[in-house]
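These protein sequences, in sequence, are chains A and B. Heads up: the first sequence is residues 0 to 394, going by numbering that gives the first Met the number 0. Heads up: the second sequence is residues 0 to 340, going by numbering that gives the first Met the number 0.
Worth flagging that the hints you see were computed from the coordinates, not collected in a lab. Ideal Cβ placement from N, Cα and C applies to all residues, glycine included. Mixed in with the good hints there might be a few duds.
Now the in silico label distances, taken between C-beta atoms and shown as ranges [claimed, not checked]:
#1 B:S115 / A:R353: 50 to 58 Å
#2 B:V54 / A:G38: 56 to 64 Å
#3 A:G38 / B:A327: 21 to 29 Å
#4 A:S268 / B:L338: 28 to 36 Å
#5 A:P103 / B:L68: 48 to 56 Å
#6 A:P142 / B:S115: 32 to 40 Å
#7 A:N96 / B:R323: 34 to 42 Å
#8 A:E105 / B:T219: 37 to 45 Å
#9 B:K309 / A:R80: 25 to 33 Å
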Amino acid sequence: MAKSKTPTRAANKEVKNLIEDLLKKLHTSEVPEDLPCRGEQINKIEKFLRSVISPNGESSAMYISGVPGTGKTATVQTVVRRLEDEVGPTFKAIYINAMELIDPKEFFVRVYKEITQDSKRVGITTARRHLNLLFQSIDRKRPPIIIMIDELDHMCTKRQELIYDIFNWTTNERARVTVIAIANTLDLPERMLSQRIASRLGSNRLTFEPYTHQQIQSIITARLSDTTAFDDQVVELAGRKVAAISGDLRKAIEILRRAAELALDAKASRVSLEHVQSSIAETQSSIRMGYFQSLSEHGIELFRAATTQVMTTGVEEFRFYELFKHYLSFCAGQGLDGNELIAREIICTLSSMRLIIVAATTAHSHNWWHRKMQLGVPLQEALDFLKSYKNPDSP
Amino acid sequence: MVTALKGREKEFDTICDNVRKAIATSQPITFYLSGLPGTGKTATVYRVIEALSDVTTSVFINCASVNTLKDLTTALISPAESPKKKTRGRPPSLAKIAEALSKPMLVILDEIDHLSSSTLLYSVFRWPQEVSWKLIVIGIANSIDLTERLLPKLKLTIPPITLPFAPYNKDQLKDIIAEKLQDENSMDKTSLELCARKIAAVSGDARSAVRVIKQAKSVTATPTTREVLGVLNSVYASPLSRARLPLQSQVLLAVCLRISNNKKTALTRFALYNAYSKACTELNIPAVKGDDLETAWGNIESQSLASVDKAGRIRLQIDASTARSVIANSHMISQIDDLNL
Ligand SMILES: Nc1ncnc2c1ncn2[C@@H]1O[C@H](COP(=O)(O)OP(=O)(O)OP(=O)(O)O)[C@@H](O)[C@H]1O
Ligand SMILES: Nc1ncnc2c1ncn2[C@@H]1O[C@H](COP(=O)(O)OP(=O)(O)O)[C@@H](O)[C@H]1O
Ligand SMILES: [Mg+2]
Ligand SMILES: [Mg+2]
Numbered sequence: 000m001a002k003s004k005t006p007t008r009a010a011n012k013e014v015k016n017l018i019e020d021l022l023k024k025l026h027t028s029e030v031p032e033d034l035p036c037r038g039e040q041i042n043k044i045e046k047f048l049r050s051v052i053s054p055n056g057e058s059s060a061m062y063i064s065g066v067p068g069t070g071k072t073a074t075v076q077t078v079v080r081r082l083e084d085e086v087g088p089t090f091k092a093i094y095i096n097a098m099e100l101i102d103p104k105e106f107f108v109r110v111y112k113e114i115t116q117d118s119k120r121v122g123i124t125t126a127r128r129h130l131n132l133l134f135q136s137i138d139r140k141r142p143p144i145i146i147m148i149d150e151l152d153h154m155c156t157k158r159q160e161l162i163y164d165i166f167n168w169t170t171n172e173r174a175r176v177t178v179i180a181i182a183n184t185l186d187l188p189e190r191m192l193s194q195r196i197a198s199r200l201g202s203n204r205l206t207f208e209p210y211t212h213q214q215i216q217s218i219i220t221a222r223l224s225d226t227t228a229f230d231d232q233v234v235e236l237a238g239r240k241v242a243a244i245s246g247d248l249r250k251a252i253e254i255l256r257r258a259a260e261l262a263l264d265a266k267a268s269r270v271s272l273e274h275v276q277s278s279i280a281e282t283q284s285s286i287r288m289g290y291f292q293s294l295s296e297h298g299i300e301l302f303r304a305a306t307t308q309v310m311t312t313g314v315e316e317f318r319f320y321e322l323f324k325h326y327l328s329f330c331a332g333q334g335l336d337g338n339e340l341i342a343r344e345i346i347c348t349l350s351s352m353r354l355i356i357v358a359a360t361t362a363h364s365h366n367w368w369h370r371k372m373q374l375g376v377p378l379q380e381a382l383d384f385l386k387s388y389k390n391p392d393s394p
Numbered sequence: 000m001v002t003a004l005k006g007r008e009k010e011f012d013t014i015c016d017n018v019r020k021a022i023a024t025s026q027p028i029t030f031y032l033s034g035l036p037g038t039g040k041t042a043t044v045y046r047v048i049e050a051l052s053d054v055t056t057s058v059f060i061n062c063a064s065v066n067t068l069k070d071l072t073t074a075l076i077s078p079a080e081s082p083k084k085k086t087r088g089r090p091p092s093l094a095k096i097a098e099a100l101s102k103p104m105l106v107i108l109d110e111i112d113h114l115s116s117s118t119l120l121y122s123v124f125r126w127p128q129e130v131s132w133k134l135i136v137i138g139i140a141n142s143i144d145l146t147e148r149l150l151p152k153l154k155l156t157i158p159p160i161t162l163p164f165a166p167y168n169k170d171q172l173k174d175i176i177a178e179k180l181q182d183e184n185s186m187d188k189t190s191l192e193l194c195a196r197k198i199a200a201v202s203g204d205a206r207s208a209v210r211v212i213k214q215a216k217s218v219t220a221t222p223t224t225r226e227v228l229g230v231l232n233s234v235y236a237s238p239l240s241r242a243r244l245p246l247q248s249q250v251l252l253a254v255c256l257r258i259s260n261n262k263k264t265a266l267t268r269f270a271l272y273n274a275y276s277k278a279c280t281e282l283n284i285p286a287v288k289g290d291d292l293e294t295a296w297g298n299i300e301s302q303s304l305a306s307v308d309k310a311g312r313i314r315l316q317i318d319a320s321t322a323r324s325v326i327a328n329s330h331m332i333s334q335i336d337d338l339n340l
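So here's chain B without its partners, still in its complex pose (with noise of 0.2 Å):
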C-alpha cells in the first residue's frame, strides 16, 4: 500500500479521503496545495496518484510550460502521449474529454500560478463544476493566498479544500535527509543537527536541507560540521564575507559609508562620483572616470553591497560594520571618515 511522506500524513489522507467521498457522491471537488518551495507539496501529490490508482486516472501538468488553454485541453487528451504526435486544428471541447473518460481523473496542476492568465485560473477551479465532477482539481503553488485572492471571484459554491504545507521543522528535516541518505551513519550527528537546524531557521526546505549534505559528502565521505558549514556558508552567509573588492571599489564604498553615515538626504551616483572624486584628490588616490568608474561601481552592485533603487538613490545592502570588513582597510575608512565630504 501507498503511503504518506513522512511529516505529510495528514495533508495525505485528507486528499485521498476526500476524493473517495467525492466520487462515491459524484461531486465536483476542486484543491489548492500551498506552501514554501521543497515542502513535499508535488511529491505528495504524486503519492496520492498511486493510492487512488485503483478509482482514478490522472494527468500530471507543470503549468510553467503548460499556461494556456489549448496547451491544457491537449494534455489532457494525451496525457502519456509523446508530444511528437501533433495534434492539428482545435483539441475537442473539455466536456468531451470529461464525456470519453472511463474513471474520474485527476488534474494536477503544478505551479499554477504560471497559468497564462488569472481568467483561466479561475477558470479551472470551476471545470468540476461547470464541465463534469469527473474532473477533480488539484492545484499547486508557492502563495498560501492564491485561491484567497480569487476566491470572491471564483463563486463556487463548493470552494477548493487548501492545505497549506507548512515548513518542515529541524526534526523533520533530520529524517528527510537520513531517509535520502540511507546510510545515516556517514553521517556525523552533530553535522547533521547542524544542518537541520539552519535549513529549519531559513526556509523548512527539504530540497535544500539534501543538497547541503550531498554537497558536504562531495567534499569528503563523511562530512563533519567543517564542511556542512562551509556549504551552509557559501548560501546563507551575508555576500560579503565572500566578496573581494578592487582599490578603487573599496574607495567607492567608503565615500557611500561616510556620506549615509551623516546625511539623512538621498545619496545619488552623481553626488557620490563627485564625493569619490574629491575624497581621491585628498588621500592622493589616483580618481578614475567614466567608464572605469562605472566598472568599479558595478563591482559594488554585482557584490549585492549596495543598489541604486528606481529612483536613482543609492541604498546600502549592508549595515556599517560589515562595509568596514569587505573595506578591509581601517586606514583608508578613518581617512574618509575624517574628510569634509
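Okay, chain A solo, but in the shape it has when bound (with noise of 0.2 Å):
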C-alpha cells in the first residue's frame, strides 16, 4: 500500500483515515450507545424490567418480534446493559441467543450455569431438573432472574416440551424469573407454539416495526455524527433501497460499508453516490448468480432447457425426458457430446444449487425418464442469467 512516493501522500492518508475511521464506525457489532427511532420500544422494556424487578415485582413474560435488523437485539440489551449500570447487582440478567446453541437443550445448562456461577461440567438432564425445582420455590433472598433467549424459533422441538417448561417457569408469580422471547414472525405463540405454551406466555406483546427510509437515514447518519466522508445523498439512497425490501439496518450498513471500502480502493476523498450505486449492485448479484457461473458447459446447457421447455410451454413442471430432448439439440449446436449419464449427473449438481428443483421420487416417478421438474429462479431471472452468459464481457 505504501509504495507511492507521490506529494500527495499524505493527503492520500488524511482521507484514507477518514474513510478507515468511517468503516469502523459502520461495524456492526459496534452496538451504539443511543437507539435513535426506538425511544417507544425502549421506555416499554424498561419499565416492564422496572416492574418485574421491583421489590414486589412478579414473574412475567414478554414476546419481542420484529424483522430482521429491526434493532430487537440491540435494544434489549442496551436497555438491560443500563439498568445493570443504574442498580448494580440486584437483578441477575441471562442473554441467551437460541441459534447459537447446538442442542436447544443446551439452553437449560447456560442458565443453570449463569444462576449458580458454577464452572464444573453438568448435564442436560440435571440442569433442567434443578431449574425446574429452582423456579418451583420462593425464595425471597435470591434476586429476581431475567432471561433474554434470542431467536426463540430456534427452541421448537417437535414436542415444544422445551418451550413448555421455560415459560411455565414465569407462571409461579413469586418465583420472580421473568422471560423475554426475541423472533422475527409476529403471531409465532398463536401460529406455531401450542395453546398451553401461548396461555403461558400471555398477553405482553411488542414489535419493532421495519424502519422506513427515513428513519435508516436518520439512525446512521446519528451514529456517523461527526464524519463528513458521505453525502447526505448517499445514505439517502441506501435507505431507501433497503427500506424498500425489508427495512433491515444491518443491509444499510452493509451497502455503505461495501461503499466506503470502494471508495477506499479508488482513493477517493469521499464516499459518493457511484460507490453506493456499484455497492448495491454487487449485493444484488445474488449467491445463486455466482452458482450459474461455475456451471460447466453442460450444465449451461441444461440449464438453458429447462428454461426454454418452461417458456414454449408455460408449464412449470416439466419431466426429465422433455429437458433431455431440447438439452440434446443446444448440445449439437454448440459441438457438445451430450449424452443421459452427464445430464442426469448435472441435475443433481443443479437440484444441489437449487436452480432446478427435482421433485420426491413417488412410486410411480422411479423412472428418472418421468422424473418432475421445475426451474428454481423465477423465469425471468433464468432468462437474465442466461443473457448475462451469452456476452460475458458486457457488465
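Using the hints, put the two chains back together into the complex; each one sits in its own frame.
This is the structure:
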C-alpha cells in the first residue's frame, strides 16, 4: 500500500484515515449508546423490567417480534445494560441466543451455569431438573432473574416441551423469574406454539416495525455524526433501497460499508453516489448468480433447456425426457457431446444449487425419464442469467 | 378447611369423594382431567392434594420434563429430595415402592400427553390395578379425548373417571380476576367486563384473563377500556392490523391478491414471482430479484399474511379487504387490478 511516493501521499493518508474511521463506525458489532427511532420500545422494555425487579415484582413474560435488523437485540441488550449500570447486582440478567446453541437443550445448562456461577460440567437433564425445582420454590433472598431468549424459533422442538418448561417457570408469580423472548414472526405464539404455551406466554407483546427510509437515514446519520466523508444523498440512497425490501438496518450498513471500501480502493476523498450504486449492484448479484456462473458448459445447456421448456410450454413443471430433448439439440448446436449420464449427473448438481428443483420420487416416478422438475428461480431471473452468459464481457 | 376454586366445586368434590371411597374399600382408582389451558386443572389438583393430606401422601410430576418410566419411578421414590442426589443404577420396582408406602399416594401426572410413548401412557393408568391400589393416578392434559382414544387399549375393568374442565364463562372470569387483583376497586367495571367477555369468547382461559388485566394495569394503575382494548388487540386482533410492509412486499401481496381473486388454479411462488416482475415493469417500479425478492416475500410470511403449504401453493391468510388495508396503497392496488397477469 505504501509504495506510492507522490506528493499527495499525506493528503491520501488523511483521506484513508477518514474513511477507515468511517468503516470502523459502520462495523455491525459496534452497538451504539443511543438507539434513535426506538424510544417507544426502549421505554416499554425499561418499564417492564423495572416492574419485575421491584421489591414486589412478579414473574412475567414478554414477546418481542420484528423482521431482522430492526434493532430488537440491540434494544433489549442496551436497556438491560443501562439498568444493570444503574441498580447494580440487584437482579441477574441472562442472555442466550438460541441460534448459537448446538442442541436447544443446552439452554438449560447455560442458564444453570449463569445462575449458579458454577464452572463444573453439568448434564442437560440435571440442569433442567434443578431449574424446574428452583423456579417452583420461592426464595426471597435470591435476586430476580431475567432470561432473554433471542431467536426463540430455534428452541422449537416437535413436542415443544423445552419452551413449555421455560414459560411454565413464569407462571409461579413469586418465583421472580422473567422471560423475554425475541423472534421474527409476529404471531409465533399463536401460530407455531401450542395453546398451553401461548397461554403461559401471556399478552405482553412488543413489535419492532421495519424501519422506513427516513428512519434508516436518521439512524445512520446519527451514528456517523462527526464524519464528513459521506454525502447525505448517499445515505438516502442506501436507505431507500433497503426500506423498499425489508427495512433491515444491517443491510443498509453493509451497503455503506462496501461503498466506503470501494471509495478507499479508488483512493477517492469522499464516498460518492457512484460508490453506493456499485455497492448496491454488488450485493444484488445474488448467490445463485454465482452458482450459475460456476456451471460447466453442459450445466449451462441443461439450464437453458429447462428455461426454454418453461418458456415454450408456459407450464412450470416438466419431465426429464422433455428437458433432455432440448438439451441434446442445444449440445449439438454447441458442438458438445451430450448424453443421458452426464445430464443426470449435472441435474443433481443443479438441484443442489437450487437452480432446478427435482420432485421427490414417488412410487410411479422411479423411472428417471419421467421425473418431474421445475426451475428453481423465477423465469425472468433465469432469462437474465442466460443473457449475461451470452455476453459475459458486458458489465 | 381447604375448599374448591370458585367454579370448580363439582370437579373438586368428585375427586375428593371418589378417592376417599376408594381408600375405604381398597379399590384401585384413576382419574383423567382434561380441558383447555388455564381452566384450573392444575390449580384444582393442588387443592385436592391439600384437602386429602390426612389420608394420602402425594407426588406431583410434570411429564414435560419427566417422561420415561425410569424418570417416573425415580420421581416416585424421592418426591421432595433435591435432584442433586443421584440414584445410581436401577430404581426399585413399582411394587417395592408401593409396598413401602404408609399411606396411599396421589400420583399426579400433569401434561401427561408428554410421556415418551403411548405404551407408557397406557401402563400408568394400569398401575393401580396391576401394581397396587395404593397408587392413585391422576392424569392431566388438554385434549378431552386422550383417554377415549386409549380406552379400548387400556382394557381396564375400572376405566378412569374422566373430568372435563369446561372453559370459564364471562361471569366466572370476572370473579377470578377480581379475586386475583384483591383490590377490585382499582378496576373500572366496564373494562373488567370487556376483558372477561373477550377472553370467554376466544378461550375461557383464566391465565390469559389475569395476564391481560395485569398488563393493562402496568400501563396505568387504573386502566380503562382503552388500555384493556389495547392489550387485547395486541394479541387477539388479526396480525394485519399491526403489520407494516415495505414497498416490494406490498407489490407482492397486491399481485398475490390480484391472482388469487381471478384464478381458481393454485398459485406457486414461481408463478407469483413471474407475475410480480411483469407487474413491476408495467408499474414502473424497479423489480427486485434473487435474495432481495426472497426477503420481500419473507416479510409477508413472517407477518402471517400468506403462507406456503407443503405442496408449494401460496395461501392468503387474510381476506381481500384486510389485504387491501395492509397494502395501504389503493392506487397501486387498482393499477395492479387492471393488469393482465
Ligand atoms: N376458578 C379459579 N379461581 C381462581 N383462579 C383460578 C381459577 N381457575 C384457574 N385459576 C388460575 O388460573 C391460572 C391457571 O390455572 P391452572 O394452572 O390450573 O390451569 P390448567 O388448567 O392447569 O392449564 P394448563 O392446561 O395450561 O396446564 C392459575 O394461576 C390459577 O390459579
Ligand atoms: N435504532 C437504532 N439505532 C442505532 N443502531 C441500530 C438501531 N437499530 C438497529 N441498530 C443496529 O443495527 C444492527 C442490527 O440490529 P439488531 O438489534 O441486531 O437487529 P435484530 O436483532 O432486530 O435483528 C446492529 O448493529 C444495531 O446496533
Ligand atoms: Mg437479533
Ligand atoms: Mg396445568
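Evaluated hints:
1. B:S115 / A:R353: 50 to 58 Å: At 37 Å between Cβs, range violated.
2. B:V54 / A:G38: 56 to 64 Å: At roughly 60 Å between Cβ atoms, G38 of chain A and V54 of chain B fall inside 56 to 64 Å, so the hint holds.
3. A:G38 / B:A327: 21 to 29 Å: holds (24 Å)
4. A:S268 / B:L338: 28 to 36 Å: violated (47 Å)
5. A:P103 / B:L68: 48 to 56 Å: At 24 Å between Cβs, range violated.
6. A:P142 / B:S115: 32 to 40 Å: With Cβ atoms ~36 Å apart, the hint holds.
7. A:N96 / B:R323: 34 to 42 Å: Holds, at about 38 Å.
8. A:E105 / B:T219: 37 to 45 Å: For E105 of chain A and T219 of chain B the Cβ distance comes to about 41 Å; the hint holds.
9. B:K309 / A:R80: 25 to 33 Å: violated (43 Å)
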